[in-house]
Structure formats: structure tokens, C-alpha cells
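Here is what each chain is made of, one letter per residue.
2 protein chains.
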Amino acid sequence: MLPGPTNVPERVMRAMMTHIINHRSDDFVELYTEVIEKTQQVFQTQSDVVALSSSGTGAVEASVVNLIKTGDKVIIPVNGEFSSRLSQMIEWQGANVVKLETPPGQNATFDQVKEAFDNNKDVKAFYVVHNETSTGTMVNYLDKIPDLISRNDAFYVVDSVSILGGIELPVDKWNVDVCMTGSQKALAAPPGISPISISPRAKKYMIENPPPTMYFNLARYFKYYEESKHTPFTPALPLLYAYREALRIILEEGLEARFKRHKICSDALYAGLSSIGFTPFAKEEDRSITIIALNYLEGLEDKTFRNTLAQKFRVLVAGGFGNLKGKVFRIGCMGEVNRYHVMRTISAISSTLAMMGYKTNTQEGLKIAEEKLEDL
Amino acid sequence: MLPGPTNVPERVMRAMMTHIINHRSDDFVELYTEVIEKTQQVFQTQSDVVALSSSGTGAVEASVVNLIKTGDKVIIPVNGEFSSRLSQMIEWQGANVVKLETPPGQNATFDQVKEAFDNNKDVKAFYVVHNETSTGTMVNYLDKIPDLISRNDAFYVVDSVSILGGIELPVDKWNVDVCMTGSQKALAAPPGISPISISPRAKKYMIENPPPTMYFNLARYFKYYEESKHTPFTPALPLLYAYREALRIILEEGLEARFKRHKICSDALYAGLSSIGFTPFAKEEDRSITIIALNYLEGLEDKTFRNTLAQKFRVLVAGGFGNLKGKVFRIGCMGEVNRYHVMRTISAISSTLAMMGYKTNTQEGLKIAEEKLEDL
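Protein sequences, first through last, are from chains A and B. So for the first sequence, our numbering puts the first residue at 1; every next one is plus one. So for the second sequence, our numbering puts the first residue at 1; every next one is plus one.
Isolated chain A (complex conformation):
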């Protein structure tokens, strides 16, 4: 139940055993074109897609170095580790960054974003972290951004690393210019592949203004794909096979069903764990459905709690990030998450509390979760 890397289905793991092929061969073209086409379906886009061999951070960095130049004005909401990192990368490009800072666990409101656009007519790009893994918040107004964007003609970039595939994000419909994710989150593949989509106008910009970098230079990927359906650098072949299998599973399940499953499991976890005494860290309207961050109960020690949970029940959850270390713990509700994961997690957490001398209401927590899960 980690906030990534998440559980990987056996079918996906086994795909890695495919023998190593020549990455300059027809076998590779077959593999890679299927990867690209299925990624487009999951992203709901007809734009170009590149599957980078790197962690999600690599794709995020690619979205910055290929689009932002010295002096560009960029608006970005910042309220956690990953939005801070992204903002830092944009600053490194020499951009003029308009940060919409809010406390951790709380998002900038749509009105605040609108105001920022109104006050910065010369904005070059709007960057947003869809789902802040460090605090368990999620932005709910991504569909409304295009109206602001079109008024300003800015690029719209969504870092959806820890949620894409778990919630509605129709890239073309919402006019997202650049969108990226990581293979090891809601897509339920092993870590190491990071897909990124690029709209035609963003692509044009990137080809006309290639950055002075090599590995994340997207113009180079466009060129190789156009010429031969290859990648410019040797790709992580076993991970591409695994990622392709994960995409197949996603499309077999169907996006709608997958989004619904994520939502229901998340509702059940929030309700069940609230009922046994925890309070979510994030503000109610900003709560993520894939990362559930909960405040520790008074006196409940992070390491002891998580170690007991891991050693007695083999249920793995993550601690807090940075300043939140020891104050919150985080549950991943993504990828293959299902009713058994939810029930087992509530049960194990409740039992761990009992073992540590806390009085908990296990029966109530499980009952309310079970009710929520009925819709599955």
C-alpha cells in the first residue's frame, strides 16, 4: 500500500522475461509503437508521446528543459515537496516564477489561479502538480484551466506522476500541452519508464527551440520516432515490455472502470480509517484519491507503527516527507488496489493500534468500508 512503487501484477512481471532484442530492429518497432499507441489511449490524446527510460522526475525535468527559457514567466501552485522541486527546476532555467504558495495539505483555489492569470498576461506557461504525493492533495479544477490558458495563449503542463490512470484526465479534451506520469504509480508497472505527451504546438516549439541537453531532449525523440519508430538512446527494454503489459491490462479493464475502482477504494479507506480514529492531513475538498495522508494519533510513534504493520501484517505504508516526518503516514491507493487491499489495510492498521495499546473501533471501521465497497 505504498504511494509508489506499487504492486505489479504477475502478468506484468513476467513480461520482463522476454529475451533482450536489438533496439534497432523490427521487433523493437512492434514493441515501441504498441507502447506509444496504448499510452495515447490511456492519456486520451492523439498527440505525440515519448516513453522515457527514467523515473518520473526525468519526465518532469524534460517538461521543463524543453519548454522554458531564460526570462519566461511561469505560474505554478506550490504546496509540497514535488511542486517545490518542479518550481526549482523552472527557476534553474532562468524563468520568472510566479508561485502560488499555500500551506501543505491545501491547494491554491481556482480563483487564486485565475487571479494569477489576470495579473500576468505575459505568462508563458502554467505548470501544475496534479497530485502532491508528499501531502495527499489533488487538484480538482484541471478541466477549467483551458479557459484561462486560451485567454493567455500559454502552455499548460500537468505533472500527473502519482495519479494518471487512476482518475479522469482527458489530455486532449482539457487542452493539456504537456502531461507526464511514472510507470510505477496508478499504471501498476515497475518503476523506470516515464511517459510524456506533447501537443502539436508544444512539439513545434520544442523542435524550433531545442535545449542544450541530450538525454531529455525531446526533439531528438521526435526525430528518431518519425524516421524509424526508434528511440535515440538504448531504452530499458525489459521495463518497456512490462509497461506494455500494464497498458494492456488497463485497457482491458477500461478507463472508466479503473477510475471508479480507484474512487471507491479511496472512499472506503478514508471512511474506514476515519472511523477508527484517524484524521486526513489534507483539507477535505483537496484530498487525493491515490495518496491518503493521515495524521498520527497523539503519541503514536512513526517507526514503531509502520514497523509493526510491516512485520506483523506485511502491510507497507510510507512515512511523512520532509517536515511531515513523524507527523503523518501515507497510504497508496493506486494501480491494482481492490476490495481486499482496502479491508486488509484497515484491519491491519486497526490491529496494530490494538497491539500498541490504543482502543480502536475495528468493527465500525470495517463496516463502513464494506458499505462503500458495495458499489465496486
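Hints should not be assumed to be uniformly reliable.
Because identical chains cannot be distinguished in the list, a pair is counted as satisfied if it fits within a single copy or across any two copies.
What the hints assert, rightly or not - Straight-line distance between alpha carbons at most 25 angstroms, and here's what the computed BS3-like set of lysine-lysine pairs gives:
hint	residue 1	residue 2
1	325	223
2	263	283
3	327	114
4	173	124
5	359	144
6	229	263
7	173	204
8	229	325
9	229	327
10	303	223
11	303	367
12	327	223
13	229	303
14	229	260
15	263	144
16	312	204
17	73	359
18	229	69
Treat the hints as calculated values from the structure; they're not laboratory data.
With chain A held as given, fit chain B onto it using these hints.
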């Protein structure tokens, strides 16, 4: 018989099936510290090592962005695709690049390098591609560079992507400051992990002058390793397991035995294939032992030749790179290469020639290869 990715032993492939772990856990520390320690043994270094989740190009780019700043003077021999790319990356940093250009298939001599050092007392770094994959050349005087370096106090950087693990390269003994390779070449692991070693003085420089980049920022890797033996970004876990297994196999065989095996197989391939009528592309004293580039016979068409070889005998070799397309083909002699690979390759190439109507001396080619292989 590709010049990478190369054949991967079953044991290494199977290691990828290890279930996905938390990269912020003791399980990960156990995995990663073994990876680092065994990489140090293979590199013959006590310096810091980082295992990047990227192709070899990622590690090469890391060696540039962490060390080179605007205005720095850098000496680099250039005679092929990979040395050109490296030189390009150094130029992108705003460096003043002294290129020692020689024709493809021919290396700058040691005297030329020495002269460049004599003429550029203010040199900040010397970069060299150990083994040029595009043309099948290999630099033979890496052990003599430290004398020049110490006179100038410059950093010594060796891009050993397509050969490390196949030939002697004692990083500490030869005072190499930064050395990198790729997992999918002579180390015989799947592609996607790129180890890089950094000497104490290079490390100090990198920590004091961190570059404005994220994914390849080595200072960040040093910090995470020192604090917790973690990596800053989610690593490609299955590939790390595979790479660890590949390192174990290398150390079980022993470095000396492995280097000897590479040399003998390479000698046998050169001798056998010369005997059936091919001439090596590279100048004799500069010929690589892991990449054997051969000139096509008059009228021998690249695609037909390689397709026949692949479809009739399942022996895969690579074509030429860039300008050399259609003029040469390249055989990888690395990783798991053994006597059967050598004999089968000569046999299949000879048979392909026969099928295409060429007169070849198969008997002679196999006999001379067999003699060379006796030393194995």
C-alpha cells in the same frame, strides 16, 4: 552478437522477477549497497559510485553537467558518433573545447594528446571515449594519461560505456576521476542502469558546484547515499536486481579471466573473419576487442546480408552508423561471449556469403579461429 544490448544470462533475467520493494526501506539498502560495492570492485575503485536509472548516455551527460562550466577548457579526442556527441554535450556547457579530430577508425596518438596538454596548460578536464562503438576503435594508452593530467591538475574522465568489464581499466590505479559505463554492454545485464564512479576530488568539486539540473545532479545522489543509502529518485528496481546478479557473475568469473576471454574471442573473430575475406575497418593498433567493425565486400548489400544472417541463422549483427551505413557491419564481442558464439558467428557469416554467391574459405576461417580459441 550485437554491439549492445548484449545477451543476458538466464540468472540475470530471473533476478528481475523479485517482487517490487519500497525504495525507502532496509530491503532497498541491502540491494543498493551490494550494487555499489560490487560496482566498485568491477571498476577497481574505492571512490563513490552512483548507479543511475538511465541509458549510458545519461551517465555520460552526468559526467559533463556536473563537472564543466562556461569557459572551462576541455581536451577531447573525436573520431566517431559517440565522441562527437560527448564533445557536443561539453560545448553545450559553454566550454572551450579542444578537439583532437582524427578520421573514423583511427585514434589520436598519445603524442597528439601530449601535445594538446603541452599547448593547453589551463585545461580543466580531459574527456576520452575509451571504445568508440560506431567505428570499432579502442584507446590503448589510458594508463599513460595520469602523467599528463598531474602536470596540469585536470580532471580525467573516461567514457567506457561499451567496454568496461571486458578489458583492464583499474580506475584508481590509473587515476581516473570520473568513469562510466552501461549495464547492457560488457557487463551483460539488461539496458537501463548506468554506473558512474567519482573520485574524491571530483566529488568535492561537484558538491561545491552543483549544476542547475535535477535527474543527473550527482551531489543529490551523494547526499541521499550518505544519509540513508537511498537514491534521490525512484530507481528502476527490477533492473537493479538484474544488474546486481550480473555483477555477482562477473566477480565469480574473476576480472582477469573475463578480460582474457574477451581478448581471445576477439582475436579469434578478427582472425577467422579476415581469413574468409573481410578487412577490419579500424587501423590495426586501434582495433577494439568488444566491437568488431568490418568493411563490406565489394557488392555485398548491408540489408540483405544482415537479414539473411538473422533469418537463416539467428545471428544478429549491427550495421554501420551515420556515414558508415552500408559500408561496414559491426559485431559485438562482449559480456557472455564464448567459443560457441565465435565459431557459430564465423560459420553463419561464411554460410551467408555462400548463399549470396560469394566464394569463401570457411574451413580456413574456422580453423584459425579454433586455434586462437585454444588459449581459452
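Here is how each hint holds up against the structure:
1. 325 x 223: Answer is between: at 18 angstroms across copies they meet the 25 angstroms cutoff, but 44 angstroms inside does not.
2. 263 x 283: For residue 263 and residue 283, only the intra-copy Cα distance (17 angstroms) is at most 25 angstroms; the inter-copy one is 65 angstroms.
3. 327 x 114: Classified as neither: same-chain Cα gap 33 angstroms, cross-chain 60 angstroms, threshold 25 angstroms.
4. 173 x 124: For residue 173 and residue 124, the Cα distance is within 25 angstroms only inside one copy (21 angstroms; across copies 51 angstroms).
5. 359 x 144: neither (44 angstroms within a copy, 72 angstroms between copies)
6. 229 x 263: Neither. Shortest intra-copy (36 angstroms) and inter-copy (35 angstroms) distances fail the 25 angstroms Cα cut-off.
7. 173 x 204: This pair counts as within: shortest intra-copy Cα distance 20 angstroms, inter-copy 49 angstroms.
8. 229 x 325: The answer is between: 18 angstroms across copies meets 25 angstroms, while 45 angstroms in one copy does not.
9. 229 x 327: between (48 angstroms within a copy, 23 angstroms between copies)
10. 303 x 223: between (49 angstroms within a copy, 22 angstroms between copies)
11. 303 x 367: neither (28 angstroms within a copy, 66 angstroms between copies)
12. 327 x 223: Answer is between; shortest inter-copy Cα gap is 23 angstroms, intra-copy 48 angstroms.
13. 229 x 303: between (48 angstroms within a copy, 18 angstroms between copies)
14. 229 x 260: neither (34 angstroms within a copy, 38 angstroms between copies)
15. 263 x 144: within (21 angstroms within a copy, 64 angstroms between copies)
16. 312 x 204: Classified as neither; 54 angstroms inside a copy, 43 angstroms across copies.
17. 73 x 359: Result: close neither inside a copy nor across copies, 53 angstroms intra and 68 angstroms inter.
18. 229 x 69: Close neither inside one copy (29 angstroms) nor across copies (35 angstroms); limit 25 angstroms.
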